[in-house]
Amino acid sequence: MSGPLKPSDIIGDRYEILRYVGEGGMQFVYQAKDILTDRHVALKTPKNKSATKRFRRSAVVAAKVNHPNVAKTLDYLKVGTQRYLIEEYIEGSDLKAALLQETAYLDPYLAAKVLHHLAKGVAAAHHAGVVHRDLKPTNIMVIGGYSLHELKVTDFGIARMADEELREAVEGGDASMSASQTAVGALPYMAPEAIDEPSTVGPPADIWSVGAMMYHLLCGQYPFGQGLRAVPKIMTAKLPDPPEFLSANPQFAPLAKEILEIAFSCLKKDPMERPTADQLVEKCSTLCYTSSPRQQGVVCDFRYGAWGFIRTPEGSVFFHRECVYGPMPVVGDPVLFASYDGGGADRALPVVKLTGATD
Amino acid sequence: MIADRYEVVGASFVGGMAAVWPCNDIVLQRKVAIKVMPGSAEKRRIRDELSALLKMRSNHVVQVYDVLNLNKDLAIVQEFVEGKDLFDEGLAPKNKNEYLKLLWQIASGIANIHDLDVIHRDIKPNNMKVDPEGVVKIFDFGLARDEGPSAATLGFVGTPGFAAPELYRHHVTFTAAVDTYAFGATALFLGLRDLPPELVHRPPVLSGANYFSALPFKLAKDVESILNTCLEESPSIRPAMRDVRDLLAKHLLHNRHRALIVFDGKASYLDATRPSVVLRLASIGEIGIRYDGFDFLVDRVSGEVFINNSPVAVGDHLPGACVVALGAPERKADRKYITFDLSHPEIVL
Chain A
13 MSGPLKPSDI
23 IGDRYEILRY
33 VGEGGMQFVY
43 QAKDILTDRH
53 VALKTPKNKS
63 ATKRFRRSAV
73 VAAKVNHPNV
83 AKTLDYLKVG
93 TQRYLIEEYI
103 EGSDLKAALL
113 QETAYLDPYL
123 AAKVLHHLAK
133 GVAAAHHAGV
143 VHRDLKPTNI
153 MVIGGYSLHE
163 LKVTDFGIAR
173 MADEELREAV
183 EGGDASMSAS
193 QTAVGALPYM
203 APEAIDEPST
213 VGPPADIWSV
223 GAMMYHLLCG
233 QYPFGQGLRA
243 VPKIMTAKLP
253 DPPEFLSANP
263 QFAPLAKEIL
273 EIAFSCLKKD
283 PMERPTADQL
293 VEKCSTLCYT
303 SSPRQQGVVC
313 DFRYGAWGFI
323 RTPEGSVFFH
333 RECVYGPMPV
343 VGDPVLFASY
353 DGGGADRALP
363 VVKLTGATD
Chain B
7 MIADRYEVVG
17 ASFVGGMAAV
27 WPCNDIVLQR
37 KVAIKVMPGS
47 AEKRRIRDEL
57 SALLKMRSNH
67 VVQVYDVLNL
77 NKDLAIVQEF
87 VEGKDLFDEG
97 LAPKNKNEYL
107 KLLWQIASGI
117 ANIHDLDVIH
127 RDIKPNNMKV
137 DPEGVVKIFD
147 FGLARDEGPS
157 AATLGFVGTP
167 GFAAPELYRH
177 HVTFTAAVDT
187 YAFGATALFL
197 GLRDLPPELV
207 HRPPVLSGAN
217 YFSALPFKLA
227 KDVESILNTC
237 LEESPSIRPA
247 MRDVRDLLAK
257 HLLHNRHRAL
267 IVFDGKASYL
277 DATRPSVVLR
287 LASIGEIGIR
297 YDGFDFLVDR
307 VSGEVFINNS
317 PVAVGDHLPG
327 ACVVALGAPE
337 RKADRKYITF
347 DLSHPEIVL
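If you read the protein sequences in the order shown, they are chains A and B. Mapping of the first sequence onto this note's numbering: residues 13 to 371, in sequence order. Mapping of the second sequence onto this note's numbering: residues 7 to 355, in sequence order.
Please note that a few of the clues may not be correct.
What the hints assert, rightly or not - Computed list of lysine to any residue pairs in SDA-like fashion (alpha-carbon distance at most 20 Å, straight line):
#1 K61(B) <-> D50(A)
#2 K125(A) <-> H323(B)
#3 K256(B) <-> H323(B)
#4 K76(A) <-> H323(B)
Keep in mind the hints are simulated off the structure, nothing from the lab.
Can you build the whole structure from these sequences, using the hints too?
Have a look at this one:
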C-alpha cells in the first residue's frame with residue numbers, strides 16, 4: 013500500500029512527492045521536496061474522515077513547540093478536500109523500528125539516553141502548554157539507530173482521534189480491538205485517566221506514557237501487558253515485578269535501578285503524584301551514562317565461560333562476561349556493543365545479545 | 007493580509023535594513039514576524055543562508071519558519087517573540103550567576119548559527135529578547151549584508167560600539183569573528199550597562215586591556231580571559247563561539263556532575279559531596295580519582311594503570327567514556343577493569 017499519492021505528484025504548487033515512507037494509525041507519510049526552499053520535508057495526509065477532523069488541530073498544536081527534540085512543523089495546506097501537514101524530514105525511523113526490532117530491550121546506558129532526550133522534548137511541549145496525549149514508540153523518531161544521534165517527538169495531538177477509536181474498540185471487544193492499530197499501539201502506554209476520562213487528560217498523562225515506555229525499553233516487556241487485559245491492570249496501577257536480568261550484573265544494576273525508579277515514579281495512579289517534565293529532566297541530569305556509538309558483530313570465540321571475542325568487519329573485539337547485559341551469548345550469536353580502546357584488541361562494553369523483538 | 011494567510015496585526019517597525027510586520031498566521035494560528043527584504047528575491051547568497059536557517063533548531067535563536075516570494079521581494083516568516091530586548095534596564099543581571107546564564111544563552115545561539123556556516127552580522131543587545139519563559143532569543147540576522155555595491159563602497163555596515171574594527175576598513179569581508187567581537191562588546195555592555203569610550207570610538211581603539219575586571223561582579227580568571235579575547239583587534243585571535251559557550255557552561259555546571267564507577271562488582275558514585283575514591287588491585291596497581299567541581303582527575307597513580315589503553319599521570323582528566331585497566335596488557339584475562347561513566351547535567355535557566 014502506498015496511499016493516495018505517487019512520486020512526482022506536486023501538492024499546492026510547492027511540494028513534490030519523492031517517495032512513500034509509511035503509514036501510522038491515522039495518516040500516510042511521504043518524503044517530499046519543497047520546491048521553494050529546496051529542502052526535503054515530511055508530508056502527512058489523513059487516512060480517513062475522522063482523522064481529517066483532527067488533522068489541523070494537530071498541526072496547530074505541534075507548531076507551538078520549538079525544541080531540538082520535537083519535530084518541527086513547517087506548513088499546513090488544504091487543497092480541495094485534502095489536507096496536508098508539512099513537517100521537518102527526519103532521516104531515521106521510529107523508535108519501535110529503530111530500537112525494538114533486533115533487541116527486545118535496551119542496555120541501561122542507551123535507555124538513559126533515550127529517557128533524557130524524551131524528557132527534554134516533553135518538557136518543551138509542556139512549557140508551550142501542549143500535551144502530546146499519545147506518546148508511544150511509533151510517535152518518536154530516532155536518527156542513527158542504536159547509536160542514537162538524535163531523538164524527536166512527533167505526531168502531537170492526534171490523540172483525540174485515538175480516544176474515539178479506542179472507545180469504539182473497547183465497545184466492540186477484542187475482535188475490533190485487534191483491528192484498531194491505535195488501540196493496540198497506544199494502549200500499553202496510556203495513563204489510567206486517559207482511559208477513564210479522556211477529556212480531563214493533562215500533562216501528567218504524558219509523564220505516565222514516558223514511564224511506561226521506559227519500563228518497556230529497559231525490561232523488554234509492557235508494564236501492564238497488552239490488549240484489553242491491560243486495562244484493569246493500568247487502572248489499579250499495580251507496579252510490575254521487573255525481570256531479574258536488570259539487577260543480575262553489578263556492572264549495570266546501579267543505573268538500571270535508577271532508571272527503573274524514575275519509570276515507577278511516573279507510573280503513579282494519582283496524576284498529581286507523578287513528577288513534572290522539568291523534574292524528570294532534572295532527574296535525568298544526574299544519570300551517569302555513556303553515549304558511545306554501537307556496532308554489531310558475531311561472537312566468534314568464548315573461553316571458560318569468561319571471555320571471548322566478537323568478530324566485526326573491522327576486526328575482533330574482546331569481551332568479558334561481566335560486560336554482557338542480559339542473557340549470555342554463545343559462539344555464533346549476533347550481538348550489539350560499543351567498543352573502547354583496550355590494548356591488544358578493543359574491549360566491548362556493554363554487550364547485548366540480539367534476540368529479535370518479543371512481539 | 008500577506009500571501010492569503012498572514013494577517014497584519016500591528017504597525018511595522020524597521021529591523022536592520024528591512025521592514026518587519028507583526029502578523030497572525032491564520033493557518034497554523036501562531037504569531038509571526040514577517041521581514042520584507044526589498045529587491046532581494048534574486049540574491050543567491052541570501053537564499054543559501056535562509057536555507058541553512060530553515061534547518062536550524064536552536065533554543066536561543068528565533069525560528070525561521072518560511073520564505074515567501076512577494077513580487078520582486080523576498081519575505082522571511084519568523085517566530086514572533088514577546089518581551090523586551092536586552093538593552094532594557096529591567097533585564098540587567100543582578101548577580102554573577104544571572105550574568106553567566108545570560109552570556110551562555112547568547113553564546114549558545116551564536117555557536118548554533120556558526121555551526122551552519124552562517125554569520126549573524128549584527129549581534130547587539132537590541133537584537134536579543136527574553137521571552138516570557140526567561141529564555142534569550144537572538145533575532146534580526148543581517149543576511150548577506152556585505153553583498154552588493156553599498157557594502158563595498160561605503161566600507162562600513164554595522165552598529166558602532168558592537169562592530170568589529172575590521173568592519174571600518176574599505177573592503178569589508180565578514181567572518182564569524184565579527185560576531186565574536188560583537189558578543190564580547192555585548193557581554194561587556196550587559197555587565198557595565200555602558201561601553202568604555204575606546205570601544206565606542208570609530209573604529210574602536212583596542213588596547214588589550216582587561217575590560218571585564220570593571221564589572222560589578224568578580225568573574226573566574228578563565229572566563230574573564232576568554233571574554234577579553236573576544237575583543238582582540240585581530241579576528242584570528244578571537245575564540246570560536248563554541249569554546250566560549252563550553253567554558254561558560256563549565257562554570258554554570260560547577261559541582262553538578264556525578265560519576266558512576268564500577269570496580270570488582272561494586273558501584274561507587276563520586277560527586278561534590280563525596281569527591282574522591284581510590285581503587286586498587288593488590289600488588290598490581292592503584293588509581294585515585296578526585297572531582298574538583300569541574301573535572302574528574304587522577305590524583306594518585308602507581309603500578310600498572312591504563313586509561314583507554316594509554317599510560318596515566320597525576321592530573322590527567324578522565325574522559326566521559328573510558329575504561330581504566332589495572333594490569334599491563336600482557337596479563338591478559340587477569341587484568342581488572344574499572345568502568346567510569348559521567349552524568350550529563352543540564353543548565354537550568
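Hints, one by one, checked against the model:
1. For the proposed pair K61(B) and D50(A), the alpha carbon gap of about 11 Å is at most 20 Å, so the pair holds.
2. Restraint check: the Cα-Cα separation between K125(A) and H323(B) comes to about 23 Å, which exceeds 20 Å; the hinted pair is violated.
3. A C-alpha spacing of about 14 Å is found between K256(B) and H323(B), which places the hinted pair at or below 20 Å, so the restraint holds.
4. Distance hint between K76(A) and H323(B) is unfulfilled; the C-alpha atoms sit about 42 Å from each other, more than 20 Å.
When held up to the earlier numbered hints, the structure conflicts with 2, 4 and fits the remainder.
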